[in-house]
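4 protein chains.
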Amino acid sequence: MSGNTFGQLFRVTTFGESHGGAVGCVVDGCPVGLEISAENIQKDLDRRRPGQSKITTLRKEEDKIEILSGVFEGKTTGTPIMMMVKNKDARPEDYEKLKDIFRPSHADFTFQKKYGIRDWRGGGRASARETLGRVAAGAIAKKFLKEKLGIEFLAYVEQVGDIKTEVDCNKVTSEQIESNIVRCPDEKIVEKMIELIEKVRKEGDSVGGVIRGVIKSVPTGLGEPVFDKLSADLGKAMLSIPAVKGFEIGSGFEGAKMRGSQHNDLFYTGKQGKIRTKTNFSGGIQGGISNGENIQFRVAFKPVSTIRKEQITVDSKGQNVKLEATGRHDPCVLPRAVPIVEAMAAITIMDHYLRNKAQNL
Amino acid sequence: MSGNTFGQLFRVTTFGESHGGAVGCVVDGCPVGLEISAENIQKDLDRRRPGQSKITTLRKEEDKIEILSGVFEGKTTGTPIMMMVKNKDARPEDYEKLKDIFRPSHADFTFQKKYGIRDWRGGGRASARETLGRVAAGAIAKKFLKEKLGIEFLAYVEQVGDIKTEVDCNKVTSEQIESNIVRCPDEKIVEKMIELIEKVRKEGDSVGGVIRGVIKSVPTGLGEPVFDKLSADLGKAMLSIPAVKGFEIGSGFEGAKMRGSQHNDLFYTGKQGKIRTKTNFSGGIQGGISNGENIQFRVAFKPVSTIRKEQITVDSKGQNVKLEATGRHDPCVLPRAVPIVEAMAAITIMDHYLRNKAQNL
Amino acid sequence: MSGNTFGQLFRVTTFGESHGGAVGCVVDGCPVGLEISAENIQKDLDRRRPGQSKITTLRKEEDKIEILSGVFEGKTTGTPIMMMVKNKDARPEDYEKLKDIFRPSHADFTFQKKYGIRDWRGGGRASARETLGRVAAGAIAKKFLKEKLGIEFLAYVEQVGDIKTEVDCNKVTSEQIESNIVRCPDEKIVEKMIELIEKVRKEGDSVGGVIRGVIKSVPTGLGEPVFDKLSADLGKAMLSIPAVKGFEIGSGFEGAKMRGSQHNDLFYTGKQGKIRTKTNFSGGIQGGISNGENIQFRVAFKPVSTIRKEQITVDSKGQNVKLEATGRHDPCVLPRAVPIVEAMAAITIMDHYLRNKAQNL
Amino acid sequence: MSGNTFGQLFRVTTFGESHGGAVGCVVDGCPVGLEISAENIQKDLDRRRPGQSKITTLRKEEDKIEILSGVFEGKTTGTPIMMMVKNKDARPEDYEKLKDIFRPSHADFTFQKKYGIRDWRGGGRASARETLGRVAAGAIAKKFLKEKLGIEFLAYVEQVGDIKTEVDCNKVTSEQIESNIVRCPDEKIVEKMIELIEKVRKEGDSVGGVIRGVIKSVPTGLGEPVFDKLSADLGKAMLSIPAVKGFEIGSGFEGAKMRGSQHNDLFYTGKQGKIRTKTNFSGGIQGGISNGENIQFRVAFKPVSTIRKEQITVDSKGQNVKLEATGRHDPCVLPRAVPIVEAMAAITIMDHYLRNKAQNL
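Top to bottom, those sequences are chains A, B, C and D. Residues in the first sequence are numbered consecutively from 1, following our numbering. Residues in the second sequence are numbered consecutively from 1, following our numbering. Residues in the third sequence are numbered consecutively from 1, following our numbering. Residues in the fourth sequence are numbered consecutively from 1, following our numbering.
The hints are simulated quantities; they were obtained by calculation from the structure and are not laboratory data. Please note: incorrect hints may appear among the correct ones.
It does not matter which identical chain is meant; a pair holds if it fits inside one copy or across any two.
[As the list claims (entries may be wrong)] Here are the simulated SDA-like cross-link-like pairs (lysine to any residue), alpha carbons at most 25 angstroms apart as the crow flies:
no.	residue 1	residue 2
1	K97	N170
2	K97	L266
3	K86	F72
4	K99	G74
5	K309	Q262
6	K322	E62
7	K271	Y95
8	K188	Q319
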């Protein structure tokens, strides 16, 4: 109940602090017989890894994953899968001077108030390094859902600051997304985004943005009707990612301005007698349950709180202090957040796939 | 796991279909000794009730709540509180002709696909009537949190279609909200909103909007750092309400356009040595944990799917059919959704209050 | 987390106090399409009902069950099934004089200490009347498991006081059990048991006993290997029944005296190539997972605490008081506990059936 | 839901196979600020360790625990505590010849049937090596409960085969228990027990027994009234330990033979006005809730399934095979199970302590 576990049947528990012994996860409830290797996991971790390009933090972290249980002769056995990365690039002395300071819009103050104690080295448990365990677990979910059901997860950077692409999310490919360091599939604006991020870095500042997610080939029937609507659980999954401030499914906030006669997705009978909708303002989910159309959602990220610019804040005694961060941080977290969004989407769909299967014989 | 329960320690399970025997809830985990009466609950139910004003549906439902367990001599005893309303205004024959039709953007199609069977009378379990149980449970949470901790929940209609108020949410009072049938605290635009809703009704159409929520006097420390961030659980709570398509905490999607140097909420020491933030782009939650500032969030509602305008859809055999709804429905669901938003917010805060208390001695 | 819910996927929440408004349950997660009627439920409730024979309490409670949600046109729809019995035979004045007294070995003292408040009418929530909701939920589970999988649940009174039957539990039939008011399938000793119970009643005393349960035609593979072993969850299910003090699976405490070479159940290949065991000291469960043999268990019930004999106890101020119960109570609870044992067994198996199905594709 | 997690608020998840990469646990929900070190944990692990005396298995496993998260500067921080032991003494070739054989009364057959795949090296996940994670987690719970509440956990071997001590469990001390390799506090029979165990070992056989547990200084009010009775959760905890076949609380199966007038624990007012009971047939728990008396329970262990004696069993094709185990195994598991019983008792009490605190303000 301390909120370190996500999911009901595909249960992901993450553990670890930024500069503790290790970070990782335990995945419980994974179906049996899935072929899985450290390499499968590593691929997504490398997309999340710091230092992967000139627009991310320059910190180098190799982040080599080990699978320590739950896999035998290359296959899942139905027992808990523990995966972890030992922490290496630990330079706690970088953080020593921050131990009594509450950095603005970080979790320093709230952790201190909640627990009365905190691991102040690099954000401790509140560090985005925690998401490494999510990406590892998500890689398993993605592999299963791809192989067994053909479900595909795509996420990409749609907006950085006020630069936004208008590409049709249904047509975007994985190759387009991975073709550039921003992970934006619109080559016309990628350079502008890179320029903006580099400008922001030089100013010692940071910038936010929006990631769009599309999930293709989802079977109808996933999601529970009341509290655990698929949209509600996807929303929670995304809002649990560090720095996320907003979530939209389908039409989102734009839908609030519309009339029912515009917004209603009219049904028709398509190829092979499959019932489809003409529009998809519902974002692939109706009454909390997937309807077989692409699931479409958007996730708003604030600019990351760590900036080099001087800021005035307070210390644990309430005294004003000047803060000038010196670590190597991300001016824009979105390119590295793309695999995290995919992972949380995959974990959510996986869990609902198993839940649906349990009740509907 | 069928998603009819919300919360970990303050657990709300709702039951009931629109035209079944009864709708209601079981609240488990309520602290002991809270004075509670049917009247306390009824007050909020009346704000959710159909037929309460000219801009809601004209269906009359008295919705008298009964408390059937868990309360003894006017006080909660720590045992499950079962509350219910027997269904009365049941006119299933109104729906008989809809039993084989998939109404656009309703849950008819997805329920049928998921379960192979559904209660087609008035939406069955997918009916907004299910939220009656949430409002009843929320009334208990609100009363507890108000009396023991002084926490106040305010929600109001901020936007209907493209008419939007810019009032400062921190200054809005409950009286202002309840002073008019829209539940919008900005008297300058209320009339315009009413006009729009009436126009939409005449056209046989519906319109969406945005509800803003503010939670005042929340203690610091509520929320869990990783998956069960207070913002993530509030988001899930809101996204589980029928017709909701988007959720923002604090700066939301606007925050995505900002720089870190603008967005960071600088700390300072305020009255009585209390550490405060100068701005509140965080929306009262940092690192998933409440920081003592007002919690601010926004919830986007799509226009309700039931409209009188003729629509072309398909039946269960995939044949095209004309649909012209004749029931008495809401042109704009937002005024009645205000107490639902408050209820879900209160249930979420209550649950996290108990969770925080359990771990932090 | 207040312990009013049992099960992970087939979730049973009971509510209600002995003399409150109603007692009942919400069953969430029941598979779709099961035919169910109030009559199906009532049959088991009647076996649990007070006043059913001369050896139970003479209190008359009709206990007519209503199904108020989750069933449509006679079938389960996948939504929560709420069932309840309105309380009628409420004579709280009988209990008024007990409101400040801690009856020996009842829950009066511990409820008061835990909650500081309690519904003192007839034991309130601690009353065995709470088990009515369990029996109703169990009736659904039994019906599903019988129809879909051919699983059969048998429970019978094996021992009353020191009178014990040695019949082979594998050969006992439902008809034998229901052929007499003790629910003991051994006609040779039934009369002795009845005599003992009547003697005990005349003495104003009560007597304990043992119920044996047998579950037949359980598929292999139910149960989870570590904490949620099928034996552990069955044990918890039984130990949660009021007055239960012990639980054995298979060889139980006798097994503690044996050698491995005696106790090991040797495998052999039986009819149709099915792998069987020669003996069944394991009680049908190995490593926490069902092996296809009959599941065999025993449940020890203490003598019920309510007796007519005078006892010295204390009141809420710690003063000595004389207690002489006058209500109409059971001298031996076992005959009425048989359907409760069956119900808890069925709920447990049902839950594990769904859990197994979720993970093992 | 795969049953690898125990507890609601103090949540223990174990992971790992006998011969995989590592075994260990994640403890989530531990209160903040508890001083904890690897040494604290190691002490109990050493009591569980193979090879600790001449009557256990002679396998040497050092089992050095590492704490990899959740502890900072020697104190718990409220974040998940991951602890593990890397597997070293891996000789899977010992097991290679067993990979297609179903050992009698082991989990080989049921795992194969459930999952269709299994890690056959040394029992894999079904190995008692899994309990290492439980003991580590239990050490934390014991330390917390001792320091904050003075609660003491004692478990000891009461019976080996048919040799049984009659010492008064309330008077037994930890020193007496640890004074000999059997962990039986009755010096008069310890030698007989050792002789029996050595005899059994020489015969290539194994023998079962009973462990008694006593929990002292438990506050009143722990346990939930209905399904999560403290006795039910303790029972489940014990029945989840490998080889356990029975559980009794208080009078247990003996209580079934008694009259209510004998069994009822009469209240009286003791020292400092504390309400006590004259007898303790309830075993410290009434209505599922602790009453402040010593909690007393008994746990029956079958003889371990691995024996050196030749047995006839079947392989995965159903063919008869001769089995003669050659590994180094325990003739009697009870001395090493004592810390496991203590650990599971401590985890259960800890969880209920936090649960009680959450609801009862």
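Evaluated hints:
1. Taking the shortest alpha-carbon separations for K97 and N170, neither the intra-copy value of 48 angstroms nor the inter-copy value of 36 angstroms comes in at or below 25 angstroms.
2. When the C-alpha separation of K97 and L266 is checked against a cutoff of 25 angstroms, the pair qualifies only between copies, where the shortest distance is 19 angstroms, while the shortest distance within a copy is 60 angstroms.
3. Both within a single protomer and between protomers do K86 and F72 lie at most 25 angstroms apart by alpha-carbon distance, with minima of 22 angstroms and 16 angstroms respectively.
4. For a Cα distance limit of 25 angstroms, the shortest separation of K99 from G74 across copies, 16 angstroms, qualifies, whereas the shortest one inside one copy, 43 angstroms, does not.
5. Taking the shortest Cα distances, K309 and Q262 sit within 25 angstroms of each other only across copies (11 angstroms), while inside one copy they are farther apart (47 angstroms).
6. In the homo-oligomer, the alpha carbons of K322 and E62 never lie at most 25 angstroms apart, since the shortest distance is 33 angstroms inside one protomer and 50 angstroms across protomers.
7. Taking the shortest Cα distances, K271 and Y95 never come within 25 angstroms of each other, neither inside one copy (60 angstroms) nor across copies (30 angstroms).
8. When the C-alpha separation of K188 and Q319 is checked against a cutoff of 25 angstroms, the pair qualifies neither within a copy, at 48 angstroms, nor between copies, at 43 angstroms.
Violation of the numbered hints given earlier is confined to hints 1, 6, 7 and 8; the remaining hints are satisfied by the structure.
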